[in-house]
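Asks: Listed below are the residues making up each chain.
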Amino acid sequence: MFSKSKRHTGGRSRVEESTLRLWQRIRRNWQLYVLLFLPVLWLIVFRYAPMYGAQIAFRQYSPAFGIEGSPWVGLANFIRFFNSPKFEPVIINTLVLSFYSLIAGFPIPIILALSLNQVKTHMFRNSVQMITYAPHFISTVVIVGMLFQFLHPRVGFTAVIAQSIGMQAPNWMGDPRAFRHIFVWSGVWQEMGFGAIIYLAVLSTVDPALHEAAVVDGANRLQRIRYIDIPGLLPTAMVLLVLSTGRVLEVAFEKVYLMQSPLNLGVAEVINTYVYKVGLLSPILDFSYSTAIGLLKGIVGLLLLIAVNHAARRLTENSVW
Amino acid sequence: MASMSNYDSNINKVNESPVDRVFMMGNTVFLLVITVIVLLPLIFIVSASFSSAEAVIAGRVTLWPVDFSLLGYETIFEHKKVWNGFANSLFYTFFGTIFNVVMTIIAAYPLSRQDLVGRRVITIAFIFTMLFSGGLIPTYMVVRDLGLLNTRAAMILPTGIGVFNLLITITFFRTTIPPELIEAARIDGANDFRTFGSIILPLARPIIAVLALFYAVNTHWNTYFQALIYLKDQELFPLQLVLREILIQNTIDASMLIDIEDLVAREGLRELLKYSLIVVASVPVMIIYPFVQRHFVKGMMIGSVK
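Here the protein sequences come in this chain order: P and U. 1 is the number that this note's numbering gives to position 1 of the first sequence; each next residue is one higher, with no gaps. 144 is the number that this note's numbering gives to position 144 of the second sequence; each next residue is one higher, with no gaps.
In case anyone wonders, no lab produced these hints; they're calculated from the structure. No experiment lies behind these values; they were computed from the predicted model shown. Positions of the beta carbon are idealized from the N, C-alpha and C atoms, including for glycine. Incorrect hints may appear among the rest.
Computed from the model, here is a short list of chain U residues facing chain P with C-beta under 10 angstroms [said to hold, decoys possible]: (1) S17; (2) A107; (3) R113; (4) P138; (5) M286.
Next up, chain P with everything else stripped away, as it sits in the complex:
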């Protein structure tokens, strides 16, 4: 991420000399380290201490013994998860929901940006942008609340429309078959405008000379989009795609949890909600088991990101690092 010339590693005197210079540089900037002290302390306490605590995944944690005092159990917690009847549905639900969200949510902001980029009228362009950004600023709780109201079988918008043409609106929110579609498309509805921002920014950096030359050559707008705009967006799109593929196991957990009901749990239970329930909601709190599932998700997610990034670099020469 940050390039830096390699320091020389020559003879002994040179090493001593550079050590001395290093020490001088550190001393000269001591006030910068003072500024960094609190942020680094915070990082250690709230981000790295939990990583240390994650070792309880390999122990049978009991509050009486603490983290270090609880007995080691090896991979027992992981094996328990593999053998649990929850394992398969939870993994499948997570992957289906993630990839569905990715397939629907990835191209639409790009299309929106390409389309907006063609608009010449500032008023129209700004209005569309302003309106499509708006849902991004609505909280998850309110979005899910809106879904319940909008799709309410009796007082919702869909119900009113259905009644007016003499039909009965189904109870969408209670229907497990509808869950995935509602989750994904309400997500697209909320985020497409905001997602387009970054692509619009990239499009604004495309060299106008390319377009002028293309017009001289008789290219129409669609051809210019195809041969100038889209290639211009590709590197950014690739980086964002790699990042979201690395996060497929995360899902929008806060929203999934709010949309869950006993009716749709069969398709709506994902890794993160399961981790939460096992660890903090069940009658017998099982910290170790919950941590093991979370840790497994974290490690697989990290490996996935590395793999996808590697593939992206080999295939398209665009990657995150």
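Following the hints, put chain U in place on chain P, whose structure we already have.
Replies: Frame of chain P; chain U shown alone:
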């Protein structure tokens, strides 16, 4: 923004081919459809919130208020829990954002200095937490062991620094503050604290605005999960948790608010209340966002410059 369509205005519009004209018409229609799709649910919610309970329960509201009434809003106004949540959310958002912004700035400035030994290691230590974390339970245990459970501090301290925000701030400092400026300050006898206070901070105003918005909206005002796991005491609940109870868990008893015997009317009021609540909860952010959206856009753009 103006620069984006420069090449279009340079091109003679008379030259527009029929293919392009058809394409542009299709394009406009497409954008109008998208806009309508985005607007429709919002208009429905607002219309319902200004309708009467009877019209709502009878399913007569579509895109315009029916039997205009403010009953929903009046009912919220008497609902103490909602106002308590509002006040708590303001508290968490205000103090939390200050904490986040201060921590991010004092971390980002040293990390933006090319001459800082260890800069790379510390930056990578931050970035790594973006890719991997200890997980829900171990983080919960740390918060518990620090004695923060069920305290206001639990809503503020763990949020600390958002790594994405840290990275855009580092990028901002690296691209807007020339090393010569810092060198000149040093030659003039200013130490690093002095340089930070009287040169860096005034120059950092635009990024501070962006950070404050990102943190206030994304980390504090709109989130509920942190409160869900760390808070037990109803008195401490932020607005989003109160909303969750009413909108999603349906735990509001309208009869406690206003005397209504009729069961249907009571249920009508309960639904009406939800619509009004959705509007009230979103209004603060909706009012400020048109004025601040360009800062969000700016932040996203800084973030995209790697």
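Asks: Taking the hints in turn, state whether each one holds.
Replies: Status of the hints after comparison with the structure:
1. S17: 6 angstroms, holds
2. A107: 4 angstroms, holds
3. R113: Constraint on R113(U) satisfied, holds at 6 angstroms.
4. P138: Holds. Min distance 4 angstroms.
5. M286: Because about 7 angstroms separates M286(U) from the closest Cβ in chain P, which is inside the 10 angstroms limit, the hint holds.
Violated hints: none; the structure is consistent with every hint.
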